[in-house]
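Sequence order for the protein chains is P and B. When you line the first sequence up against full-length UniProt numbering, it's residues 1 to 267, in that order. When you line the second sequence up against full-length UniProt numbering, it's residues 1 to 267, in that order.
Hint data in this document are derived by calculation from the structure and do not stem from the laboratory. Quick caveat: nothing in here was measured; it's all calculated off a predicted structure. Where hints are given, some of them may not hold.
Pairs involving identical chains hold if they fit within one copy or between any two copies, as the list cannot separate such chains.
[Unchecked claim] SDA-like, lysine to any residue: derived pairs with alpha carbons at most 20 Å apart:
hint	residue 1	residue 2
1	Lys217	Leu172
2	Lys74	Leu101
3	Lys217	Gln237
4	Lys193	Ala232
5	Lys218	Gly244
6	Lys193	Thr15
7	Lys218	Thr241
8	Lys217	Arg243
9	Lys218	Lys251
10	Lys217	Thr241
11	Lys87	Leu16
12	Lys217	Asp52
13	Lys218	His196
14	Lys251	Pro215
15	Lys217	Arg240
16	Lys87	Val228
17	Lys251	Met221
18	Lys74	Glu216
19	Lys87	Val103
20	Lys217	Gly244
21	Lys217	Val227
22	Lys122	Arg233
23	Lys74	Thr147
24	Lys87	His143
25	Lys251	Pro214
26	Lys251	Glu207
27	Lys193	Thr235
28	Lys193	Glu236
29	Lys87	Arg231
Number of protein chains: 2
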Amino acid sequence: MKDARPAPPLDPNLTLPCVILDRPQLADNIGSVARVMANFGLQELRLVAPRDGWPQDRAWATSSGANWPLDGAKVFATVAEAVADLKTVYATTARNREVHLPVVTPRQTAVEAYAAAQGHQKTGLLFGAERAGLETSDIALCHAIVTIPVDPHFHSLNLAQAVNIILYEWRLLVMDAPKAAFTQNMDEPADLKFLHGLYGHLEDELEAAGFFFPPEKKESMLRNLRVVLNRARMTEQEIRTWRGVVTALTKGRGRVLAKLAKAKDET
Amino acid sequence: MKDARPAPPLDPNLTLPCVILDRPQLADNIGSVARVMANFGLQELRLVAPRDGWPQDRAWATSSGANWPLDGAKVFATVAEAVADLKTVYATTARNREVHLPVVTPRQTAVEAYAAAQGHQKTGLLFGAERAGLETSDIALCHAIVTIPVDPHFHSLNLAQAVNIILYEWRLLVMDAPKAAFTQNMDEPADLKFLHGLYGHLEDELEAAGFFFPPEKKESMLRNLRVVLNRARMTEQEIRTWRGVVTALTKGRGRVLAKLAKAKDET
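All chains should be modelled from the sequences, with the hints used to inform the complete structure.
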């Protein structure tokens with residue numbers, strides 16, 4: 001389920017961004033952020049003046065085992081100090097914006113952060129306090145404002161959920177480089193000759209059962225049956241199973257009838 | 001910050017997906033899911049057998065004012081009942097996959113769910129229990145498996161965080177949507193209850209025919225059969241036709257045998 005250590009980075013040549021929480025109020029949220037960081041392969045957490053001090057046990061209790069961002073978390077007194085060694089900082093905020101900075105989407109943020117990471121430039125992803133958000137003066141230390149497209153009628157996004165979305169977009173970008181991570185959960189569909197074998201089998205049995213009535217409708221009835229099977233994109237194994245089904249339904253019933261007849265004879 | 005009522009939908013012509021939580025354990029998570037739904041403009045929440053019963057005050061306490069998905073939440077005993085009136089269901093799961101269904105990204109899920117929503121076909125977004133995830137038999141009721149690209153070394157994603165990512169992708173699409181109508185060369189798939197009727201019919205007849213052998217394999221055999229039918233995305237008419245096929249194959253053989261017997265008697 002989880003390791004006690006951070007996962008090896010998907011791409012060791014990347015300089016990973018850090019996550020910065022400005023004046024976080026709830027230790028639960030800090031723990032949830034650590035869990036999200038582990039989910040999406042980030043490691044470095046920075047805390048600016050956490051309200052209830054640091055460390056706090058609740059954070060470890062809610063991180064679901066993602067301890068390393070918490071164990072290694074660095075605490076700063078101000079946002080300015082927390083970003084001092086970074087090249088670029090993205091401020092995630094949904095608040096009224098008085099600062100003239102570019103406003104970018106989470107996706108665009110990931111694109112830019114990924115390019116920076118490839119160039120060994122360290123990026124910070126800054127998130128404000130749960131209730132108050134980011135101060136205008138701290139936003140002014142950043143290079144872009146990231147806005148998550150929440151419903152304007154209900155824009156109160158949980159802190160860890162905001163981090164979740166930015167890091168998800170980051171992860172997608174990192175993964176898109178090696179496609180390997182995504183595998184289709186489907187085996188190869190069978191060559192069509194196997195499907196045609198099933199069509200023929202089914203047709204013969206339905207013919208024997210008097211299914212095609214009136215006879216002039218047979219072609220269109222068959223076509224409709226085939227198209228459904230076609231859409232199912234069956235594997236060879238699945239087609240064998242369905243031939244077994246057809247056989248069972250036809251022979252099986254005969255077997256039951258034969259048994260009944262035999263039982264009757266024996267009485 | 002928030003309204004007591006749901007926001008007006010961004011596009012009133014869409015048939016919005018519902019969110020289905022299978023056996024959710026923690027009321028806090030149910031509340032967090034409601035909040036995320038409000039953030040991204042969804043309204044209908046369905047709960048399958050919530051562990052601690054329903055309603056639970058903790059859910060309202062953690063929804064941060066997003067009460068309407070909770071107030072309107074419907075409770076079901078099984079996943080099958082919860083999806084009976086839907087056209088398509090996406091199962092979000094990171095678990096070992098025994099079910100042969102397409103695996104899609106959250107982004108692809110949003111694309112498909114959006115196309116369905118434009119065509120007034122109701123989609124369900126299904127999420128498993130916090131610890132246990134989804135049962136294989138419930139995944140087999142679905143049409144695709146959605147996998148969030150978490151780090152394989154730490155893939156324990158919080159329930160509300162999983163919902164968050166799927167709904168974020170949904171929201172992006174609704175906002176970006178090229179408003180051009182989506183047309184597909186397919187009639188509307190049947191409500192899933194019709195498909196479940198066909199499953200039951202087929203199961204009964206195969207049982208009668210002694211198809212399920214050895215008996216301990218019955219569940220996996222059934223699952224494999226269902227998943228093929230699931231993938232075919234049948235219309236109501238097509239399902240009726242296939243019920244006719246099953247009847248013909250079973251009864252028809254009997255009729256043929258009866259005819260043979262009669263012919264024999266007459267000779």
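Here is what the structure says about each hint:
no., hint, in the structure
1, Lys217 x Leu172, "neither (43 Å within a copy, 39 Å between copies)"
2, Lys74 x Leu101, "neither (27 Å within a copy, 44 Å between copies)"
3, Lys217 x Gln237, "between (31 Å within a copy, 16 Å between copies)"
4, Lys193 x Ala232, "both (15 Å within a copy, 19 Å between copies)"
5, Lys218 x Gly244, "between (23 Å within a copy, 14 Å between copies)"
6, Lys193 x Thr15, "within (19 Å within a copy, 40 Å between copies)"
7, Lys218 x Thr241, "between (25 Å within a copy, 13 Å between copies)"
8, Lys217 x Arg243, "between (24 Å within a copy, 18 Å between copies)"
9, Lys218 x Lys251, "between (23 Å within a copy, 19 Å between copies)"
10, Lys217 x Thr241, "between (28 Å within a copy, 13 Å between copies)"
11, Lys87 x Leu16, "within (12 Å within a copy, 42 Å between copies)"
12, Lys217 x Asp52, "neither (33 Å within a copy, 55 Å between copies)"
13, Lys218 x His196, "within (17 Å within a copy, 27 Å between copies)"
14, Lys251 x Pro215, "between (24 Å within a copy, 19 Å between copies)"
15, Lys217 x Arg240, "between (28 Å within a copy, 16 Å between copies)"
16, Lys87 x Val228, "both (16 Å within a copy, 16 Å between copies)"
17, Lys251 x Met221, "between (23 Å within a copy, 19 Å between copies)"
18, Lys74 x Glu216, "neither (34 Å within a copy, 48 Å between copies)"
19, Lys87 x Val103, "within (18 Å within a copy, 38 Å between copies)"
20, Lys217 x Gly244, "between (27 Å within a copy, 15 Å between copies)"
21, Lys217 x Val227, "within (16 Å within a copy, 29 Å between copies)"
22, Lys122 x Arg233, "within (14 Å within a copy, 24 Å between copies)"
23, Lys74 x Thr147, "neither (26 Å within a copy, 33 Å between copies)"
24, Lys87 x His143, "within (9 Å within a copy, 45 Å between copies)"
25, Lys251 x Pro214, "between (25 Å within a copy, 18 Å between copies)"
26, Lys251 x Glu207, "both (15 Å within a copy, 13 Å between copies)"
27, Lys193 x Thr235, "within (12 Å within a copy, 26 Å between copies)"
28, Lys193 x Glu236, "within (10 Å within a copy, 28 Å between copies)"
29, Lys87 x Arg231, "both (12 Å within a copy, 16 Å between copies)"
In the structure shown, a violation is registered for the earlier hints numbered 1, 2, 12, 18 and 23, in ascending order.
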